[in-house]
Structures are given as C-alpha cells and as structure tokens.
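Residue numbers (our numbering), protein chains in the order written: chain A, 5 to 263; chain B, 5 to 263; chain C, 5 to 263; chain D, 5 to 263.
Think of the hints as simulated: they come from the structure by calculation, not from any bench.
Heads up, some of the hints might be wrong.
A pair counts as met if it fits within one copy or between any two copies, since identical chains are not told apart.
Stated by the list, open to error - Below are the DMTMM-like pairs computed for lysine to aspartate or glutamate, each with C-alpha atoms no more than 25 Å apart in a straight line:
id : residue 1 : residue 2
1  : 96        : 50
2  : 162       : 21
3  : 94        : 65
4  : 100       : 11
5  : 162       : 258
6  : 162       : 152
7  : 162       : 256
8  : 96        : 21
9  : 96        : 11
10 : 94        : 11
11 : 162       : 257
A quick note: this is a predicted structure, and the numbers were derived from the prediction, not measured.
Number of protein chains: 4
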Amino acid sequence: MSSSWRDNLIRHIHPGEWVRPGLSPFSIVVIGSILLAVTVQVLETESSLTDEWRSVFSSVDLIVGFIFIIDFIVRWQFPAEPQYTGIAGKLKYLVKPGTLVDLLAILPFIIHPYLELLGANDLAFLRTLQLVKIMRIADLGPVSRGMDRVGRALATKKVELSVTFTLAFVSIVAAATLLYLVEATAQPDAFGSIPRALWWSLATLTTVGYGDVAPITPVGQILGGFVAILGVGIIAMPAGILASSFSTITIEEDSREKK
Amino acid sequence: MSSSWRDNLIRHIHPGEWVRPGLSPFSIVVIGSILLAVTVQVLETESSLTDEWRSVFSSVDLIVGFIFIIDFIVRWQFPAEPQYTGIAGKLKYLVKPGTLVDLLAILPFIIHPYLELLGANDLAFLRTLQLVKIMRIADLGPVSRGMDRVGRALATKKVELSVTFTLAFVSIVAAATLLYLVEATAQPDAFGSIPRALWWSLATLTTVGYGDVAPITPVGQILGGFVAILGVGIIAMPAGILASSFSTITIEEDSREKK
Amino acid sequence: MSSSWRDNLIRHIHPGEWVRPGLSPFSIVVIGSILLAVTVQVLETESSLTDEWRSVFSSVDLIVGFIFIIDFIVRWQFPAEPQYTGIAGKLKYLVKPGTLVDLLAILPFIIHPYLELLGANDLAFLRTLQLVKIMRIADLGPVSRGMDRVGRALATKKVELSVTFTLAFVSIVAAATLLYLVEATAQPDAFGSIPRALWWSLATLTTVGYGDVAPITPVGQILGGFVAILGVGIIAMPAGILASSFSTITIEEDSREKK
Amino acid sequence: MSSSWRDNLIRHIHPGEWVRPGLSPFSIVVIGSILLAVTVQVLETESSLTDEWRSVFSSVDLIVGFIFIIDFIVRWQFPAEPQYTGIAGKLKYLVKPGTLVDLLAILPFIIHPYLELLGANDLAFLRTLQLVKIMRIADLGPVSRGMDRVGRALATKKVELSVTFTLAFVSIVAAATLLYLVEATAQPDAFGSIPRALWWSLATLTTVGYGDVAPITPVGQILGGFVAILGVGIIAMPAGILASSFSTITIEEDSREKK
Numbered sequence: 005m006s007s008s009w010r011d012n013l014i015r016h017i018h019p020g021e022w023v024r025p026g027l028s029p030f031s032i033v034v035i036g037s038i039l040l041a042v043t044v045q046v047l048e049t050e051s052s053l054t055d056e057w058r059s060v061f062s063s064v065d066l067i068v069g070f071i072f073i074i075d076f077i078v079r080w081q082f083p084a085e086p087q088y089t090g091i092a093g094k095l096k097y098l099v100k101p102g103t104l105v106d107l108l109a110i111l112p113f114i115i116h117p118y119l120e121l122l123g124a125n126d127l128a129f130l131r132t133l134q135l136v137k138i139m140r141i142a143d144l145g146p147v148s149r150g151m152d153r154v155g156r157a158l159a160t161k162k163v164e165l166s167v168t169f170t171l172a173f174v175s176i177v178a179a180a181t182l183l184y185l186v187e188a189t190a191q192p193d194a195f196g197s198i199p200r201a202l203w204w205s206l207a208t209l210t211t212v213g214y215g216d217v218a219p220i221t222p223v224g225q226i227l228g229g230f231v232a233i234l235g236v237g238i239i240a241m242p243a244g245i246l247a248s249s250f251s252t253i254t255i256e257e258d259s260r261e262k263k
Numbered sequence: 005m006s007s008s009w010r011d012n013l014i015r016h017i018h019p020g021e022w023v024r025p026g027l028s029p030f031s032i033v034v035i036g037s038i039l040l041a042v043t044v045q046v047l048e049t050e051s052s053l054t055d056e057w058r059s060v061f062s063s064v065d066l067i068v069g070f071i072f073i074i075d076f077i078v079r080w081q082f083p084a085e086p087q088y089t090g091i092a093g094k095l096k097y098l099v100k101p102g103t104l105v106d107l108l109a110i111l112p113f114i115i116h117p118y119l120e121l122l123g124a125n126d127l128a129f130l131r132t133l134q135l136v137k138i139m140r141i142a143d144l145g146p147v148s149r150g151m152d153r154v155g156r157a158l159a160t161k162k163v164e165l166s167v168t169f170t171l172a173f174v175s176i177v178a179a180a181t182l183l184y185l186v187e188a189t190a191q192p193d194a195f196g197s198i199p200r201a202l203w204w205s206l207a208t209l210t211t212v213g214y215g216d217v218a219p220i221t222p223v224g225q226i227l228g229g230f231v232a233i234l235g236v237g238i239i240a241m242p243a244g245i246l247a248s249s250f251s252t253i254t255i256e257e258d259s260r261e262k263k
Numbered sequence: 005m006s007s008s009w010r011d012n013l014i015r016h017i018h019p020g021e022w023v024r025p026g027l028s029p030f031s032i033v034v035i036g037s038i039l040l041a042v043t044v045q046v047l048e049t050e051s052s053l054t055d056e057w058r059s060v061f062s063s064v065d066l067i068v069g070f071i072f073i074i075d076f077i078v079r080w081q082f083p084a085e086p087q088y089t090g091i092a093g094k095l096k097y098l099v100k101p102g103t104l105v106d107l108l109a110i111l112p113f114i115i116h117p118y119l120e121l122l123g124a125n126d127l128a129f130l131r132t133l134q135l136v137k138i139m140r141i142a143d144l145g146p147v148s149r150g151m152d153r154v155g156r157a158l159a160t161k162k163v164e165l166s167v168t169f170t171l172a173f174v175s176i177v178a179a180a181t182l183l184y185l186v187e188a189t190a191q192p193d194a195f196g197s198i199p200r201a202l203w204w205s206l207a208t209l210t211t212v213g214y215g216d217v218a219p220i221t222p223v224g225q226i227l228g229g230f231v232a233i234l235g236v237g238i239i240a241m242p243a244g245i246l247a248s249s250f251s252t253i254t255i256e257e258d259s260r261e262k263k
Numbered sequence: 005m006s007s008s009w010r011d012n013l014i015r016h017i018h019p020g021e022w023v024r025p026g027l028s029p030f031s032i033v034v035i036g037s038i039l040l041a042v043t044v045q046v047l048e049t050e051s052s053l054t055d056e057w058r059s060v061f062s063s064v065d066l067i068v069g070f071i072f073i074i075d076f077i078v079r080w081q082f083p084a085e086p087q088y089t090g091i092a093g094k095l096k097y098l099v100k101p102g103t104l105v106d107l108l109a110i111l112p113f114i115i116h117p118y119l120e121l122l123g124a125n126d127l128a129f130l131r132t133l134q135l136v137k138i139m140r141i142a143d144l145g146p147v148s149r150g151m152d153r154v155g156r157a158l159a160t161k162k163v164e165l166s167v168t169f170t171l172a173f174v175s176i177v178a179a180a181t182l183l184y185l186v187e188a189t190a191q192p193d194a195f196g197s198i199p200r201a202l203w204w205s206l207a208t209l210t211t212v213g214y215g216d217v218a219p220i221t222p223v224g225q226i227l228g229g230f231v232a233i234l235g236v237g238i239i240a241m242p243a244g245i246l247a248s249s250f251s252t253i254t255i256e257e258d259s260r261e262k263k
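Just chain A, same shape as in the assembly:
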C-alpha cells in the first residue's frame, strides 16, 4: 500500500518515469517555475524595471526558490533508480552531475539575502546562476529522447564535422592574417594586428557581418569579397553534413521498426 503510494509519487516527480503522454502536473509546475525564474532573472537586471516591479520580482523569486528546493528534496528522497536508495545511495545522489545543476539553481536563492544584508551588490551576478536550472528541461521525456537522437546524428558524422571545423578554423585565421597584411596601415584600430582582424574575420565568415569594421582599401575589399564567398561554404558545409546525418538516422530507425 505504502509502496504503491510511493511508486505513484516517483512517477509524478521523475519525468522519465511518467507513463501517460505529455508531462505530469508536477513537471508542468517545475517547468513553469523554471521559465518564470529565467524571465525574472533576465528582467531584474534591467534597472528601469526593478523600481516599479521590485515586489513582484521578489515574490516570484521566493515562490520559485521554494519550488526548486521542494523539487530537489522530493527527487532526492524518492529516487527512481535503485542505486540512489539507502543512506549510501542518497550520498551518491548528492555528488552526481545533475545535482550540481540543481544546487547551483538553489544556491543564489539561499545566499542572496545574506549578500544583500552585507551590501555586497557587486555579487548580484551570482543570481544569474539560477539560469542553469534551465538545463532541467533536457530531463523531460520527449526533449531527452530528441537530444539523444540529435546527439547520435552529430556522432555519425563526427569526422566530417571535425574536418569542417578545422577548415573553418584555418579559414578564420588565414582571412585575419591576409586582411591584417593589407589593411593594417589603412585602419590600425580595426586591422592593426591579427587578433584585431580576427573580429572582422569571424563576423564575415559566419555571415553575421556587423559592419562595425570592414576593409576600405581596394585590395582589402577584393580579399574581403572572397572571404564572404568562403563564408557561404562555411554555412553550407555543416548544413549539408547535418542533413545527411539526420537522413541516415531516420532511415536506420525506419528499417529497425520494420524488423
């Protein structure tokens, strides 16, 4: 009887144990709290909002903080996997990587009031640690299965992706070196050294193209044009490789289902 009640609780609090489609009510509350916490963390950094909304932000912080603590304690005390039962298991649970994420998310909630009392406003950035809680979303049943499939897709083309990355790295350094050689005298601020030219080179080869710096000499613009065309290849190659690997994964799964 007691065991059945416990089993039911475990199914509710561990997303991976939920047998019905969708998410358990408990998971929905936790996800909602995470999204709320992230939103509040993000908005709280904007001083023009904090004056008016301070009490709302504080209340939300308090509520989601308690939800995070309760969520952690129940998952700790009622683990789904047998290896985390018993005293030894509970200690083992405390040092597994997932727990670090949970504790980092709880930490700012606990230490923040003390920091405020001490006037340590410079440590306010510690609060952004709460954002790591967002990684809990990866635990959810469908997301977790999807992550797994995306991970396998990336793994099947590991070699091709490494080659693309190597070519991209060499292109970025080579483009920065060339532009440094031809533009350094014309624009010492933007191209006066290879590290400075790297900023332009990265923005161009990823096709971001901020435009805060751009070659102005004719030779620099001709080289810049070739670099921009190379950038199309650097976008197209990983897209093509990923397309091929997602197709392979799909075909493999389809043929497995038929068997």
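Since the structure of chain A is provided, determine the placement of chains B, C and D on it from the hints.
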C-alpha cells in the same frame, strides 16, 4: 438543371472543387484582388504617395472591397460542403475560423468611411486588417496541397525541431547573460541588462548582425566570436533537419505511388 | 570532302557538338573573350582607372568586339541544327532568343563610337549591355547539362518551393506591417510607412541585416527578435527542400544507370 | 634489431603509420607546437601585448622552431614510403609539395634573427609564413580520412556546384551593374562604378550585409530587396547540393560495408 448550374458555380467559387488544372477564373479574380488590396494597403501608409495617388487608391479600395463582399456572400450562400447547407449550416459557416479571416478583411472596408467622417484618423491602422485576406491564398488547390506536405515534413521531425528550438532559446539567453556580465560596464546602453543584451544576442545567433550594437572589450569580442560560430550551428541544424524530413516525405510518397 | 571540313568546323564552333572532353579551342577563345569583356566593362565604369588604362580598355573592347562578331557570323552561317540551314533557316536563326543575346552583346560595340562622336556620354550605360554575353556560358556542354540537372531538381519540388516563397512573402509583408505599427512614431524616417518598413523587414528575414535601420523601441525590438528567428526558418526551408530534391535526382539517375 | 627500432620510430613520426587509435605522442607534441606557434604568431602582431609578453613569445618561438626542425629532419631521414629512401629518394623528398610547407614554416624561424639584426622590421610579415604549418594538421590520420571523404562528397556534385558558382558569379555582377545604374548619382562613393557596387553586391548576396553601404533611393531599395532574396537562394543551393552529396557518400559506404 438548376442543380447542375449550382454545381458549376460551386466548382468555380471554391478553389478546392476546381477539377481542371490551374485556377478557376473566379479564383484568379479573387487572388488578383487580394494582391491589389495588399499593394494598395502597403502603399497607402506612405504619405508621400497618398497626395498624388489618393483617388486611385480609393477606387481600388472600393472595387476590391466589393469583390471581397461578393466573394464572401457567394461562398456562404453556395457552400461546397453539405454541413454548411440549410439555415443551421449557414449560421455554422458564420462562426468557423475561415469566416473570421473573410470578415476581418471586409470590416475595414465597411467601417473606414465612418471613421473618416468622425475624424478618427488614429484608427487608420485598422485598415491593415485587410492584409489578413492574404491568408486566403492558402485555400488554393496547389498551395493547399503544398502546405499540407510542408506541414507533414515539419511534423515528422517535431521532436528534433523542438530540441533545436530549445537549444537556440538556451543559447540566446546564455549568450545575452555572458555578454551582459563582461560588457555591462563598457557599454551600459547596449549591454547594461540582460534584456538589452538579448537584442545583440538574437541578431548574432540568427547571423542577422545589424551591427548597431557589438562587443568592444577584448573578452566581449572573444565571447562574441564563439557566439557567432554557434550561430552557424543554429542555422545549420534546422536546415539539416528539414532536408532530412523533406527527403523522408518524398521517399514515402514515391513508394506509395509504386504500390 | 568539303562537307567533312564543314562538319569539323561545326564541331568546333558549337559547344554542344564537341565530342572530346573539355572545350574546343574556339570555345575557349570565346569564353576568354567574354570574361575579358565583362572585366573591362566592369572596370571601365571606375573613373579612377579609365585615365590610366584608357588605351588598354579600348584595345580589349576592339578585339573582343571583333571576336563576338566573328563568333556570331560563323555560328549563323554554319548552324549545327538542320532547321537553320538554307535562306529560310538563316532568317529563322535571326529571330530565335539566343540571337538576341548575341546581338545585344555586339550592339554596344557597333553604336558606341557613334555615340561618342555625338557626345552622348549619358548613354554610356548602354555599354553594360555587353554583359549579357555572359549568358553564353550557359551554352557550354558541362554547364548546360548541369543547368538542366539543377533545373530538374528545382522542378521536382516546385510545389514546396512555391509554398516557401508564399510564406516568405506573407512574412515579409506581415513583419513590415507590425514594425510600422509599433515603430512609426519613434522612427518616422525608417518605419513611417509599410514600404519603408519593408526595407528593414527584407534585410532581417533574409538575415542580411544591414543595420542602417533597426527597431529602437522595446516592443519593436521584441518583435524584431521574433522576425530574426523567423528569418532562420526562411533560410532553412529552401535549403532543406533543395537538399531533398538533389538527393531525389541523384537516386533516380543512379537507378537509371543500373538498368 | 636495428630495423625494428627504425620501424617503431617511423610509426611514431608519420601520423599515417600509427596503428593504435588516436595520435602518437610525437604527433601530439607536433600538433601542440603548431597550435602554440599559431597562437603566438597571432598574438605577436598585437603591439599592446608584445611589450609585456616579449620574452614568453620569444621562448615559445625558439622552442617550437626547434621542434619543427627536428620534426622535419626525422621525417626526412626516416621516411615511411620506400620511394624516399636512399640518396636519390632523400633529394626527391626535398622537392615534394609537402616539404615546401615544412620549409616555409621553418624559414621565418631561421631568417628572423638576421632580419632583426639588419633592422628590417618591415619584413616582420614574413613571420606569418609560419602559419602555413597549420596545414600539417591535414596529415593526421582521422583528419586525412575525413578530408578525403569531404573531397569525394564535393567531387560527386562537381557539375552542380560549378553551376551554382556560375549563377552566383553572374548574380553578383548583374546585381552590381543594376545598382550602379540606379544608385550612382545618389551615392557616387559607394555605387559610382561597378567595381564599387560589387562590394555591396557581394556583402548582400552572401547575406553578410555589413551595412557600410546600402541603397538609399526607392528604386535601389526595391532592387536591393530582390537581391537579398536571391542571396537566400545562393546560400540554400550549395547547402542543398552538399547535403545530397554527403547522403550519397554515406549510402555508398554503407552498401560497401554490407558486401
């Protein structure tokens, strides 16, 4: 006899009932009116054009408004599906979602003159509602079948696309948080809070790269460079996933045709 | 005997008739002339170069002009297809579309000296017509076969590409309308009308992102962020569709070769 | 006995001969030296760093220079391929292309001190030659196999990629010509000649979009909008082609493995 005349009319006014290739003359007139209405709506907001072209715009508005009303009335009175015949069916037709689009497109045409009489020029934006009529294009035979196929392609990779979206969302928030931490003091206007930094983060990770704001500190630029490279992945992943799903749909349809 | 000499000439002057791998010497000279003509046309518009290089440019213009005229005359007088032989065939050749391209490329060469004598420098832009000659490259054996294959790849996914184009068109107009509604008062120059907002909308949805105009109000930036994310989809959809269609073409050709 | 020791050495110094997974300790040291040399070369161009870090940079230069020389000498004296053994083979080794890369990487290390003594600081750019050493990474077992596979993927779609490149080239020239014709009078600096307009045309068609130059006339902006849409196609086509070719390579290799 009368029924045959009615059947013929229904075939002309409902794009889905048209049996010959291409579009019925009635549909071509409606599509032409929609494109004309959209063009005029767009141009009418430009005050440098309205002075000279006012009468042309008004005439076009009047004509397409009447075409929209006639189009709605005949499709309402001569429905293709049996469930919309009879008094009860005609009332049911009025509350289906497609009707809302039709009525929103007609509404500004009807209420605009009254607003002008009342001098309520501030409500001119109501006219842009007419733009929703553009959604009627989705009703057209080929577009509707294509939409369906694109929809199925997206549905087969729902999980992978959700994972990509989640990763993109986490990356955007994480990039904004990091740049806020390192650039806030150097550029308080652009990176003084996470919501402000989000604008840069979005522009970079989508490779849009406006360049109105960009990191200027060395650490900010190094982080910005990694974010730009991450942006290539955020473009490449959905492209790869969609490529794979369109291939799957094509293979499925080909093997269905062979059977 | 004479016929054999004629056959040999025809094989040399019509790229499609060339039986050996690569291009005939005649075609190589024509292609070289086209690229040279294009380069000179492009450089001649730059006044800082014309002073110093005028005589070189004039000489090149003269030489490639004669090559274009000879190229046209021999292909006209020694046609590869039987339908263009005889007086009637030769007249028919003069009105086929390909001839228009040839004549447009020759025209500026013939009329330019007269325009210069008349002092009609305003008509200098007529010279750029010579650039259409570049389309002759599409006649080349491998390029022509490649064009054909790319054309078929695009044709197999005509419906999906039309849907993508329609969605992109609707997105561009909708994004411009929304930004016009929220940014018009803050930036009347850039967003004061939908046609003005279209410039921003196009630059964002294609991920070009010039940054000459960008939303500055909070609501405008939030909407702008969603538009930028939508832009990723507008890049990813055609890439995915084309990937799938090129795969289909490859599979079809492979299975045809096996038969 | 001596031969066995020699075989062992050859296995360690030639990445392609290494039989165990991963890289040999010797290769790891060489790769580490290359990355270190590249990093130092890049940082040394930044004058704000050289004052403080001069001695560190010099030490690293000295150490990696010796490692490069040793690496070259042992690979030269103990070649893996029989054709490079003996006096004749050793001379043949000196003129193969790979040796040029090695010597270019060693050269600046040897001649730099002499240049410094002569006060020829203007030749400092010679040091960047050391960056070519980065190409040695392509020799590594997995990278070399990956390069090979990426090369074959590109080769299977050579014709389609050439067509895409030709279309891109024609589009870039055509876009620059059109914008020159409509924007030259409004913006003589940016669009006063086709070569100048090419800079805008390249930035737009590759979706880089610096925004340093952009059309400002209504006609120029309408044309610019179409060019931006064309740019999406220029990104999507190679991505689609590469996706298809990587899929073909994967399918071929899978069917070869089954046999």
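Hint check results:
For the identical chains of this complex, residue 96 and residue 50 are neighbours neither inside a copy (40 Å) nor across copies (49 Å), given an alpha-carbon limit of 25 Å. Within a single copy, residue 162 and residue 21 get their C-alpha atoms only as close as 31 Å, which misses the 25 Å cut-off; across copies the closest is 22 Å, which meets it. Proximity of residue 94 and residue 65 under a CA criterion of 25 Å is satisfied in neither setting, with 28 Å inside one chain copy and 52 Å between copies. Proximity of residue 100 to residue 11 under the C-alpha cut-off of 25 Å is restricted to the intra-copy arrangement: shortest distance 23 Å within a copy versus 45 Å between copies.
With identical chains, the CA atoms of residue 162 and residue 258 are at most 25 Å apart both within one copy (22 Å) and between copies (16 Å). In the homo-oligomer, the alpha carbons of residue 162 and residue 152 lie at most 25 Å apart both inside one protomer (15 Å) and across protomers (14 Å), since each shortest distance falls under that limit. Within a single copy, residue 162 and residue 256 get their C-alpha atoms as close as 17 Å, and across copies as close as 18 Å, so both meet the 25 Å cut-off. Taking the closest pair of Cα atoms, residue 96 and residue 21 come within 25 Å of each other only inside a single copy of the chain (20 Å); across copies the shortest separation is 44 Å, beyond that limit.
With identical chains, the CA atoms of residue 96 and residue 11 are at most 25 Å apart within one copy only, with a shortest distance of 21 Å there and 48 Å across copies. In this assembly of identical chains, residue 94 and residue 11 lie within 25 Å of each other by CA distance solely inside one copy; the values are 18 Å within and 53 Å between copies. Within a single copy, residue 162 and residue 257 get their C-alpha atoms as close as 19 Å, and across copies as close as 15 Å, so both meet the 25 Å cut-off.
Taken one by one, the earlier hints fail for this structure at numbers 1 and 3, listed in ascending order.
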